[in-house]
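Residue numbers (our numbering), protein chains in the order written: chain A, 1 to 299; chain X, 300 to 626; chain U, 627 to 912.
No lab work stands behind these hints, which were simulated from the structure alone. Treat each hint with caution, since some may be false.
[Claimed, not checked] In silico lysine-lysine, PhoX-like type, Cα no more than 25 Å apart, as pairs:
#: 1; chain 1: U; residue 1: K773; chain 2: U; residue 2: K747
#: 2; chain 1: U; residue 1: K747; chain 2: U; residue 2: K796
#: 3; chain 1: U; residue 1: K765; chain 2: U; residue 2: K796
#: 4; chain 1: U; residue 1: K796; chain 2: X; residue 2: K516
#: 5; chain 1: X; residue 1: K516; chain 2: U; residue 2: K794
#: 6; chain 1: U; residue 1: K773; chain 2: U; residue 2: K796
Please read all numbers here as calculations on a predicted model, not as lab measurements.
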Amino acid sequence: MAGTLVPSVSRDTGSLLARDRHTTMRQVQSAMVAGLIGLAAVIAVGVLWIILGYVIARGLPALNWDFFTKAPKPYGETGGGVAPAIVGSLYMLAVASIIAVPIGVGAAVYLSEFGRGRFATVVRVVVDLLAGLPSIVVGAFVWSLVVRRLVGHYSGIAGSVALAIIMIPITARTVEEILKLVPQALREASLALGVPLWRTVLFVVIPAARGGIITGIVLAMARAGGETAPLLLTTLGNMFFNFNLFQPMAALPLQIYTYASSPYEDWHTKAWGGSLILILLIGILNLVTRLATRGKQVR
Amino acid sequence: MVQQGEVVGAEALRRRQRDIGDPAFAGAVWITAAGAVLTLALLIALLLHDAWPAIRRYGFGFFVHSTWDPVFEQFGAASFIYGTIVTSLIALILAAPIGIAAALFIVEYAPRWLREPVAFSIEMLAAIPSIVYGLWGLFVLVPVMRNGVEPALQAVLGPIPVLNRLVAGPPIGLDLLTGGVILAIMILPTVMAVSREVILAVPDLQREGMFALGATKWEMIRYAVLPYARAGMIGAAMLGLARALGETMAVTLVVGNSTTQIRASLFTPGYTIASAIANQFTEADKAIYFSALMNLALVLLLVALLINLLARLLVFRFVRSPAGVRV
Amino acid sequence: MDREILAALARPETTAETPESSAQQSGRRPAGMQIRDLAAWYGSFKAIEGITAPIEPGKITAIIGPSGCGKSTLIRCLNRLHELTPGARVTGSVLLNGEDIYAPQVDPVRVRRVIGMVFQKPNPFPMMSIYDNVIAGLKLLGRRLPKPQLDEIVERCLRAVALWDEVKDKLHASGASLSGGQQQRLCIARAIAVEPEVLLMDEPCSALDPVATMRIEDLMRQLARDYTIVIVTHNMQQAARVSDYTMFMLAGEDRVGRLIEYGPTRELFLRPKDHRTEDYITGRFG
């Protein structure tokens, strides 16, 4: 019989909208869940600010002029800085970019402009897999290839190669996304005018996407710049300035690791200081790319 | 679906063979793409080659025996594998609910003005390098675990049989549990970002349909959003898991790094596969030692690749998470 | 005047020859509504204003008007769906059997349980089977009904929407595996399974082909014996075919939608009181 199976409407009082216990309970349950969900969000966001807070609070005391300009002092002595590490990181990132940018951008262009057929699918899957590689595995591979076979010992070039491998998939994916945003009409207009394909891509499509391409490269650098594990196995680190790629080179994340795993209080503080610098550098790079791409469409 | 530019490029190639620039350009681009493929292929091949002596010598026992003694050339990675599984599981158990719930908050509950700051926080969290997590873990989290959380857990679970074996032993802080916690924090952004994409993809019409039946907000989420987004959220969790498996520096600083026998307690110091490789690489002196480490790397590689592939099958539409978020 | 409309208006009234509906059997009369001075905003944009009209119990009321006149906004105010949009708000009152659904002590969840809705685009839940879709609303009501009763409800509702024979052998297939017209009928079955008083239909046929449309219109007339129905439609012929009463809405120069005219369908179409109604009906705009 209609109306009797589902008696949540109070037919007896005649009111259709009066509050009933069951509905109120459901609302209470909904509110409680909302509270839990809000709590989860607070935890998730809170963790970030807690970590940042510590880095700033404990890292700031370590920052002084020497910190930025001098090399580390020997074990146990106070003073000195992380200058070789900063320089080394930048140097290796630059070399890594020279390797990674052509391959990454090239792969992106391939996928975006020529990307049909089985090989393109393979490339796409490969890029995704490369992105998912644990960075320690990349380090092991580069150790085996460069440190053990090609050069013979730990060296900056090995570190650069490792960083390059990490940068390639990030660059490729970001740039491919950007290229996909370039309006098809732009390409067709150029081709219709008789411009050959290679000129179209090089002088029309890529310039139109250049903001995004630079973003992709910068993001890849920011990401690779923070990596430690692959460098541990390839460049080993150095307490002194070194501009020879075929010798071990310092890097900021490695320096932080060395300081952190030591028993010296002063070095712990320096580890925080190094982290602060590292985060600032990465943060600035990220901020710059966000500002550069905010609202700005591909021209 | 045809991608932008694809048709134009391929067809242009076919039609415009006159200009020598085109095939040359196409060739150059093809070479760079092939370079990426070559890199991966070389990586797998080289790892296999270097690990081969260890594989041949230890075979399947490599995964089963837990004695890792370089001096006597006994290499059994079981405790590394155990450590990896335990820390990753803890990470997943903590990060998946929190990450999914936080993503739900962003999409379903947060007022407009709150979304940007929260999204920004996730991106920032994702951008922090793992060494910094490790540093924070070592100097902040470990004391908290040692002095606060672990004793508390012991007090609560101590009287319960079976469960109390999880919290047995002195709470040192440098143990598998802490390793799991730091990993959870690190994979949180990944889970959040991907889950957010997945939840956003649920059509509003589904939500309205559930509301129109007289559902409360939670009921709407539970019956309309979550089932729709389920596959994607599992994918998000798997991507988080893949990340946790490969994470090295943060774990290595807090997990204790000792090859004790496998014990039930979470308060045991241990190794993960990644931290073992990182810690022992520079100490390795014999060829077979290196080979064993390469074998470890190979295992890690294969597992990470497998999970990544599976996750992408589930999430392939949402693979593009916010730039910078590690996926 | 459109020949189709004339033909539609000429259809016979439902007579006592039709079998007694279950509502008539239990002596239950569906509820009526009264809209009073209703206005609705999206943020600072006022969408509709000054709407006052009755919704006669047990009858079909159509809301017609050109696009942008606020018909969808109006119907979504009738089951408090409008306020779910961030920044949206409502003033005025909507009475259901004399009780204001917007009264502060009233829970919107209750309102939506007794005033059901069918949407323009069919939205069965794809992760649920056809069976589960029908009882989706019942699941919310908590009472664990025994399986035989649930089976009976599912069959009754699917029969009521003339879907039973088509799906009875695949009740466990996904709700999304049906054709457009079938999906919409499933959504209607889902809506009536919780036994609402009023059924709101927001352009239920606009996403469907003419054959499916016809079946839904037939269905509407069947359902009207048990439910009060409000239907938004951009199709005047449909309004003429199906409804007992019609509201005509129009947005002014200020883009605010107002009720221009309300009356029995025949009257409104054959002897419109307002010239704007007449202009719309004779196709001079819209």
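For a C-alpha distance cap of 25 Å, please report whether K773 of chain U and K796 of chain U respect it. holds (17 Å)
Mind checking the alpha carbons of K765 of chain U and K796 of chain U for me, to see if they're no more than 25 Å apart? holds (21 Å)
Quick one, are K516 of chain X and K794 of chain U close enough, alpha carbons at most 25 Å? Judged against 25 Å, a Cα distance of about 32 Å means the pair is violated.
Between K747 of chain U and K796 of chain U, is the straight-line Cα distance small enough, at 25 Å or below? holds (23 Å)
Taking only the CA atoms, is the gap from K773 of chain U to K747 of chain U under or equal to 25 Å? Distance of about 31 Å is beyond 25 Å: violated.
Hey, K796 of chain U versus K516 of chain X, does the alpha-carbon distance stay inside 25 Å? Cα-Cα ~31 Å, so violated.
The structure does not agree with the numbered hints 1, 4, 5 stated previously, though it agrees with the rest.
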